[in-house]
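Asks: So the chains spell out like this:
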Amino acid sequence: MASDVQLTTRAVVMPRTRRRNSSADSARPAWMEKPSRIGTAGKALLVTLICVATIYPFLTVISTSLSDSTDIANANGLVLFPLHPTFAAYETIFSGGIVTAALVRSMLITVIGTLCSLAATIGMAYGLSRRDLAFGRFILLTALFTMLFTPGIIPSFLMVKQLGLLGSYAALVLPTLISAFNLVVVRSFFMGLPQELFEAARIDGAGDFRILVKIVLPLSKGVLAVVGLFYAVAYWNAFFNAMLYLNSDMWPLSMILRQYVLLGSPLDTASVGEISAPSQAIQMAVVVISVIPILLVYPFLQKYFTKGVLTGAVKG
Amino acid sequence: MSSYSEPFVQGTTTQGDGAAGAPSARSASRARRRAARADGVPAHRKRSLWERIKRDRVMLLLIAPGFLYFVVFHWLPLPGNIIAFEDYQPYLGFIDSAWVGFDNFVKIFGDPTFWQALRNTLVITGLQLVLFFPIPIVLALLLNSIMSNRIRKFVQSVVYLPHFLGWVIIVSIFGQVLGATGVVPHLMQAMGMQPFEAMTTPWFFPFLVSIQSAWKDAGWGTIIFLAALMNIDQELYEAAAVDGAGPWQRMKTITIPGIMPVIILLLILNLGSILSVGFEQIVLQRDNVGAGAGEVLDTWVYYHGIQNGQWGPAAAVGLVKGVVGLALVLGANKVAHLFGQEGVYSRGK
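Residue numbers (our numbering), protein chains in the order written: chain A, 383 to 698; chain B, 3 to 351.
One should not assume that every hint holds.
Here are the simulated lysine to aspartate or glutamate pairs, DMTMM-like style, with alpha carbons at most 20 Å apart [stated by the list, open to error]:
#: 1; chain 1: B; residue 1: K48; chain 2: A; residue 2: D514
#: 2; chain 1: A; residue 1: K416; chain 2: B; residue 2: D89
#: 3; chain 1: A; residue 1: K543; chain 2: B; residue 2: D98
#: 4; chain 1: A; residue 1: K416; chain 2: B; residue 2: D98
#: 5; chain 1: B; residue 1: K56; chain 2: A; residue 2: E581
#: 6; chain 1: B; residue 1: K254; chain 2: B; residue 2: E282
#: 7; chain 1: B; residue 1: K155; chain 2: B; residue 2: D219
#: 8; chain 1: A; residue 1: K685; chain 2: B; residue 2: D219
#: 9; chain 1: B; residue 1: K48; chain 2: A; residue 2: E581
#: 10; chain 1: B; residue 1: K56; chain 2: A; residue 2: D514
#: 11; chain 1: A; residue 1: K416; chain 2: B; residue 2: D219
#: 12; chain 1: A; residue 1: K425; chain 2: A; residue 2: E415
#: 13; chain 1: B; residue 1: K109; chain 2: B; residue 2: D89
#: 14; chain 1: A; residue 1: K543; chain 2: B; residue 2: D89
#: 15; chain 1: B; residue 1: K254; chain 2: A; residue 2: E415
#: 16; chain 1: A; residue 1: K596; chain 2: A; residue 2: E578
#: 17; chain 1: A; residue 1: K596; chain 2: A; residue 2: D586
#: 18; chain 1: B; residue 1: K254; chain 2: B; residue 2: E240
What follows is a set of in silico ranges between Cβ atoms, one per label pair, in the way DEER data are often shown [claimed, not checked]:
#: 19; chain 1: A; residue 1: L548; chain 2: B; residue 2: F209; range: 23 to 29 Å
#: 20; chain 1: A; residue 1: G589; chain 2: B; residue 2: F209; range: 57 to 63 Å
#: 21; chain 1: B; residue 1: L131; chain 2: A; residue 2: F563; range: 30 to 36 Å
#: 22; chain 1: A; residue 1: L427; chain 2: B; residue 2: F111; range: 49 to 55 Å
#: 23; chain 1: A; residue 1: K685; chain 2: B; residue 2: W250; range: 44 to 50 Å
#: 24; chain 1: B; residue 1: G311; chain 2: A; residue 2: T452; range: 45 to 51 Å
#: 25; chain 1: B; residue 1: P67; chain 2: A; residue 2: F527; range: 44 to 50 Å
#: 26; chain 1: B; residue 1: N310; chain 2: A; residue 2: L428; range: 45 to 51 Å
#: 27; chain 1: A; residue 1: F563; chain 2: B; residue 2: A100; range: 16 to 22 Å
#: 28; chain 1: B; residue 1: V325; chain 2: A; residue 2: K425; range: 45 to 51 Å
#: 29; chain 1: A; residue 1: K685; chain 2: B; residue 2: G294; range: 57 to 63 Å
#: 30; chain 1: A; residue 1: E415; chain 2: B; residue 2: K155; range: 20 to 26 Å
#: 31; chain 1: B; residue 1: F104; chain 2: A; residue 2: G604; range: 50 to 56 Å
Every beta carbon over 12 Å from chain B, so not counted as near; a handful from chain A, in silico [stated by the list, open to error]:
#: 32; residue: R419
#: 33; residue: T452
#: 34; residue: H466
#: 35; residue: P467
#: 36; residue: E473
#: 37; residue: G479
#: 38; residue: I480
#: 39; residue: D514
#: 40; residue: L526
None of these hints come from the bench; they were simulated from the model. From a predicted model like this one, the values you see are computed outputs, not experimental measurements. The beta carbon of each residue, even a glycine, is placed where N, CA and C say it ideally should be.
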């Protein structure tokens, strides 16, 4: 009954999140040799190195953002731990107005964009979850084949221009409204829900829309949370569309970051009077502010993808 | 099989009336059921298209916005590639711009900056394939061998994190760590070496880009391999151990063959995108090393087309890249089929 052409992800494994033995933290099966001491030590060293290499950059960015100019001068730019911690850099950027405004814009874009993307994805996935839907195969393939090619930068740009979206926030949302991958994930999840529930509701006279709102959505909170967070992270991080389509007075935080940290333009904070924070600290403070929202949602994301919600749901 | 069958509803007419539900909805459904019965559609007959459209109208309405999105932003721009064959002038539009045949292609193939961009692209993707591709596999094997659940979960949380940072953030962070005042130059100085500007040295650029990609996505890349590892039947290991196979032998004869399909699948996907390097990543850093080392096909298209208004040649490069990319995916997939692997997609079941 499923479509003949199974795009992507079919070979992409479905983990049966096997509990490796139940309660005990360590779960070495009886047949396995005791690990050698050298092996364990080597593994521990390697794992520690990997963790340090991942975490250290965050720490140095945070420390630098909290340093004052003597810290940075003494450490020759490399601050491991600020001896004179100060929030001057943060005060400076928040009094300047540019970063604050960009932060608000980024939040609005992220929230509105995520809601639009989720709504469109849910609607499409729900419709396509019916196995003998009229035109179902055609619609599904129209969506899935887009994973194999992109129209190209120039034609996409011209399309956005033609639609009159240049210089409007819609240009940040509409061209990336749905990710075909997320669509597949949500659709597979919907298809995996027990069909008896729908039949029962239908007998009670519920229409397709009522079933979606009353039955499907409440059962899908987990997968929708993950997909929503993925969209949110993408909107938060996106800068290329902003660079292409928006004027500088509409820039989100990611573009501000590019302008002031990567291109090194001076942050226009002259209105504050005296600026005590060193420019390096200010730049790192902008980085920290960009990272914080991601760190905030990360535990939620993590909770779900370790459960295998995503990979588990992916089937042609 | 079929998720939703009215014949089933028909057979249970009396059950529904007792259940709770809005009266109006109930009478509506009763009417619908009566209608269904009047149609006399036998349970086994396939519904006609028109009947299904009528039944699915709400579903189709829900699909409409998403369908429209895919059509407008993925399919409709495709014919726009026609400007690769035109001397495109924005104020004239697609229709009225002069048709120049293959002039744009002749022009780009005679342009050394295009070949430079192609070379840079291949160097970077090739290096990433060699340096970056095995890292997630090794990391997954390492994670999988950690017996303590708590430690493994912790390490996973740490290494997945960078995947969620945008390129602007990552490039900023790398500037702080590898740049002039970062820890790496300090360490090199402490060891008596000549520190060098990792962020701005042209010959180092492909390595820099690969290291950044590895830092961002190596952890995330393990997910798929971990899932494959979980899928291997644990009894195979037990049987092998009982038969006297040591850890390395078990890895060679069970683990590696077990995850081979996934490795091949990802290799195919990587080969298919060999002409695409992370555009955002490169465009942020191209000017640090200059166009000679930092220009790739995508940035070439962006700077020549959108920045300088050479629409035709830029679209021509984009078209060449798209067609070759698609051919590579399809070709690699074919090869995978020949080797008896599943590949990215498969026809039928």
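Asks: Hints first: check each against the structure and report whether it holds.
Replies: Results for each hint:
1. B:K48 - A:D514: The hint holds at about 10 Å.
2. A:K416 - B:D89: Not OK: K416 (chain A) and D89 (chain B) at ~71 Å, beyond 20 Å, violated.
3. A:K543 - B:D98: holds (17 Å)
4. A:K416 - B:D98: violated (76 Å)
5. B:K56 - A:E581: Between K56 (chain B) and E581 (chain A) the Cα gap is close to 18 Å, so the pair holds against 20 Å.
6. B:K254 - B:E282: Violated. K254 (chain B) to E282 (chain B) sits at ~38 Å, over the 20 Å cutoff.
7. B:K155 - B:D219: Holds, at roughly 17 Å.
8. A:K685 - B:D219: holds (19 Å)
9. B:K48 - A:E581: holds (19 Å)
10. B:K56 - A:D514: Since the Cα atoms of K56 (chain B) and D514 (chain A) sit roughly 13 Å apart, the hinted pair holds (cutoff 20 Å).
11. A:K416 - B:D219: violated (32 Å)
12. A:K425 - A:E415: holds (16 Å)
13. B:K109 - B:D89: Answer holds: K109 (chain B) to D89 (chain B) is near 12 Å, not above 20 Å.
14. A:K543 - B:D89: holds (18 Å)
15. B:K254 - A:E415: holds (17 Å)
16. A:K596 - A:E578: holds (14 Å)
17. A:K596 - A:D586: holds (13 Å)
18. B:K254 - B:E240: Holds: K254 (chain B) and E240 (chain B) sit about 15 Å apart, inside 20 Å.
19. A:L548 - B:F209: 23 to 29 Å: violated (37 Å)
20. A:G589 - B:F209: 57 to 63 Å: holds (59 Å)
21. B:L131 - A:F563: 30 to 36 Å: Given about 22 Å between the Cβ atoms, the range is violated.
22. A:L427 - B:F111: 49 to 55 Å: holds (52 Å)
23. A:K685 - B:W250: 44 to 50 Å: Violated: the Cβ-Cβ distance is about 35 Å, outside 44 to 50 Å.
24. B:G311 - A:T452: 45 to 51 Å: holds (50 Å)
25. B:P67 - A:F527: 44 to 50 Å: Roughly 19 Å apart at Cβ, these two residues miss the hinted range, so it is violated.
26. B:N310 - A:L428: 45 to 51 Å: holds (48 Å)
27. A:F563 - B:A100: 16 to 22 Å: violated (40 Å)
28. B:V325 - A:K425: 45 to 51 Å: Since the Cβ atoms of V325 (chain B) and K425 (chain A) sit about 46 Å apart, the hinted range of 45 to 51 Å holds.
29. A:K685 - B:G294: 57 to 63 Å: The hinted range 57 to 63 Å is violated for K685 (chain A) and G294 (chain B), with Cβ atoms some 46 Å apart.
30. A:E415 - B:K155: 20 to 26 Å: Once the Cβ atoms are compared, 24 Å apart, the range 20 to 26 Å for K155 (chain B) and E415 (chain A) holds.
31. B:F104 - A:G604: 50 to 56 Å: Holds - the Cβ-Cβ distance for F104 (chain B) and G604 (chain A), about 53 Å, lies within 50 to 56 Å.
32. R419: Holds: least Cβ distance 14 Å, greater than 12 Å.
33. T452: holds (15 Å)
34. H466: Its Cβ never comes within 12 Å of chain B, the nearest being 18 Å, so this holds.
35. P467: Holds, since 18 Å exceeds 12 Å.
36. E473: holds (20 Å)
37. G479: holds (20 Å)
38. I480: holds (16 Å)
39. D514: Violated, because the least Cβ-Cβ distance between D514 (chain A) and chain B comes to about 6 Å, which does not exceed 12 Å.
40. L526: violated (9 Å)
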